Amino acid sequence: MSSISNLKPETGAFFQRDREWHPAAFTPGYKTSVLRSPQKALLSLDNTLSEITGPVFGHNILGELDADLIHNFAKPGESAIGPRIIVYGRVVDERGKGVSGALLEFWQANAGGRYRHKKEGYLAALDPNFGGCGRAITDEEGNYAFRTIQPGPYPWPNGVNDWRPAHIHFSVFGHGFAQRLITQMYFEGDPMIWQCPIVKTINDPAAINGLTAALDREATIPMDSRAYKFDIVLRGRRSTMFENRMEGN
Amino acid sequence: MSQSLNRLKESASQTAGPYVHIGLTPNFAEITGVYSEDLGTRMVNDKTKGERITVKGRVLDGTGTPLRDALIEIWQADADGLYNSPSEMRGTADPNFTGWGRCPTDMDTGEFRFETIKPGRLPFKDGRPMAPHITFWVVARGINIGLHTRMYFSDEEKANGEDPILGRIEHKVRVPTLIAKRDGNTYTFDIHLQGENETVFFDI
Ligand SMILES: [Fe+3]
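Going down the list, the sequences are from chains A and B. Heads up, the first sequence stops at 249 in my numbering, and the numbers go up one at a time, no gaps. Heads up, the second sequence stops at 1204 in my numbering, and the numbers go up one at a time, no gaps.
The hints are simulated quantities; they were obtained by calculation from the structure and are not laboratory data. Just so you know, not all the hints are guaranteed correct.
No more than 20 Å apart at the CA atoms, straight line, and that leaves these computed lysine to any residue pairs for SDA-like [claimed, not checked]:
1. A/LYS118 <-> B/ASP1203
2. A/LYS75 <-> B/GLU1030
3. A/LYS200 <-> B/ARG1141
4. A/LYS40 <-> B/GLU1198
5. A/LYS8 <-> B/SER1087
6. A/LYS119 <-> B/THR1109
7. A/LYS119 <-> B/PRO1066
8. A/LYS40 <-> B/PRO1176
9. B/LYS1009 <-> A/ASP231
10. A/LYS200 <-> B/GLY1146
11. A/LYS118 <-> B/THR1109
12. A/LYS31 <-> B/THR1065
13. B/LYS1009 <-> A/ARG17
14. A/LYS40 <-> B/MET1151
15. A/LYS200 <-> B/PRO1018
16. B/LYS1009 <-> A/GLY96
17. B/LYS1009 <-> A/ARG238
18. B/LYS1009 <-> A/ASP18
19. B/LYS1172 <-> A/ALA41
20. A/LYS40 <-> B/GLY1146
21. A/LYS97 <-> B/ARG1007
22. B/LYS1172 <-> A/LEU42
23. A/LYS118 <-> B/THR1032
24. A/LYS75 <-> B/GLU1198
25. B/LYS1009 <-> A/ALA207
26. A/LYS40 <-> B/HIS1171
27. A/LYS118 <-> B/ARG1068
28. A/LYS40 <-> B/MET1107
29. A/LYS119 <-> B/ASN1027
30. B/LYS1009 <-> A/ALA213
31. A/LYS31 <-> B/GLY1062
32. B/LYS1009 <-> A/ARG90
33. B/LYS1009 <-> A/ARG19
Here the structure is a predicted model, which means the values were calculated and not measured.
Next up, chain A with everything else stripped away, as it sits in the complex (with noise of 0.2 Å):
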């Protein structure tokens, strides 16, 4: 995090979140978030600097394979076992601004739809040749993509029949500690997705499509590999143009 590049300062506060177009905290259909979520309500506050600032990434930290899943963990001369994609897509705030310098993490099952991790339970075989995790910031426009292999669908304990659709899960750092977002992406087409209690958290049918990434026959590399195109919308700024400015300041 040595270089904090050449972002520009941006100090207006973040637009008030849309906790109706969020997920509540409390989901009954998602049954762990009953003892999780908080009952009394939250404390509403503009943004002081603490929110308005936040932390910066520099392209220095990446390494060579963070942003290709298909060979970050395999051996050398192997690879990823399952359908080659690209993922890719533009991060942009509310206001339709690119922001530039977002580091994106994303993890994933492997093909099967198995997590490489100590707690998971799922019989499917793990890929030797797959991490599940990679990286990649954005460039001065708000771009970012990576390749990787589309994951599978997982059973999870909530229901006694409970599956997730193929997901990829995505935690987002903007400009300011309030932009701070972790999601998912699912697949266009896939039926599983309105049958997902996770998924079912959010109310809003536009929310749930705005997490749905489109396949782009466009983006696609003949012979290689299938595109999906997925922007990430974070929270826009108010200008300060016709703010008070602080005392003392």
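Assemble chain B with the ligand onto chain A, guided by the hints.
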């Protein structure tokens, strides 16, 4: 009809799930060789200015059981109250202090631990000084949207008493949920997701 404001909606949050460590702390999850080290592991070095402290605690569910699959990030000012961020306009923060840390809760005990420095004070929007504090962000399986809160310091009674954010908490009995207790150089900050001592979480 009118022109459109052309605003987009923020991408909806989804839970970090039980395998958040694979993505955010892969070395901790025993996926080695991909990244040389997990991000946010080291906040200070030999040259960092300020008083060295340890911040530790647990995240407890509605039954009082610690979460052993949570992930915590913290964000704080340096010893002079400056943030290591391009949006910090008041000066240049200590280059030897990132201000940002990330720690998974221990898979057995549920404890998180940060080696850091005590932050300085910085102004609220109206110029009044805020008490020293650390911003927390908590994600885990079962948490649908990351939870923001703040940790304050038990040995800063006077500053805490005039802090504009703590002053906004209507039920004063809840203020202590944000105050970490000092013992030597260690502050303990338990986060209660629910129950009688539910931590005050922020919509910021
Ligand atoms: Fe998952």
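Evaluation of the provided hints:
| no. | hint | in the structure |
| --- | --- | --- |
| 1 | A/LYS118 <-> B/ASP1203 | 34 Å, violated |
| 2 | A/LYS75 <-> B/GLU1030 | 16 Å, holds |
| 3 | A/LYS200 <-> B/ARG1141 | 15 Å, holds |
| 4 | A/LYS40 <-> B/GLU1198 | 8 Å, holds |
| 5 | A/LYS8 <-> B/SER1087 | 7 Å, holds |
| 6 | A/LYS119 <-> B/THR1109 | 15 Å, holds |
| 7 | A/LYS119 <-> B/PRO1066 | 17 Å, holds |
| 8 | A/LYS40 <-> B/PRO1176 | 15 Å, holds |
| 9 | B/LYS1009 <-> A/ASP231 | 12 Å, holds |
| 10 | A/LYS200 <-> B/GLY1146 | 17 Å, holds |
| 11 | A/LYS118 <-> B/THR1109 | 16 Å, holds |
| 12 | A/LYS31 <-> B/THR1065 | 16 Å, holds |
| 13 | B/LYS1009 <-> A/ARG17 | 10 Å, holds |
| 14 | A/LYS40 <-> B/MET1151 | 18 Å, holds |
| 15 | A/LYS200 <-> B/PRO1018 | 18 Å, holds |
| 16 | B/LYS1009 <-> A/GLY96 | 10 Å, holds |
| 17 | B/LYS1009 <-> A/ARG238 | 15 Å, holds |
| 18 | B/LYS1009 <-> A/ASP18 | 9 Å, holds |
| 19 | B/LYS1172 <-> A/ALA41 | 15 Å, holds |
| 20 | A/LYS40 <-> B/GLY1146 | 15 Å, holds |
| 21 | A/LYS97 <-> B/ARG1007 | 10 Å, holds |
| 22 | B/LYS1172 <-> A/LEU42 | 15 Å, holds |
| 23 | A/LYS118 <-> B/THR1032 | 14 Å, holds |
| 24 | A/LYS75 <-> B/GLU1198 | 48 Å, violated |
| 25 | B/LYS1009 <-> A/ALA207 | 8 Å, holds |
| 26 | A/LYS40 <-> B/HIS1171 | 11 Å, holds |
| 27 | A/LYS118 <-> B/ARG1068 | 13 Å, holds |
| 28 | A/LYS40 <-> B/MET1107 | 28 Å, violated |
| 29 | A/LYS119 <-> B/ASN1027 | 15 Å, holds |
| 30 | B/LYS1009 <-> A/ALA213 | 16 Å, holds |
| 31 | A/LYS31 <-> B/GLY1062 | 13 Å, holds |
| 32 | B/LYS1009 <-> A/ARG90 | 14 Å, holds |
| 33 | B/LYS1009 <-> A/ARG19 | 11 Å, holds |
Violation of the numbered hints given earlier is confined to hints 1, 24, 28; the remaining hints are satisfied by the structure.
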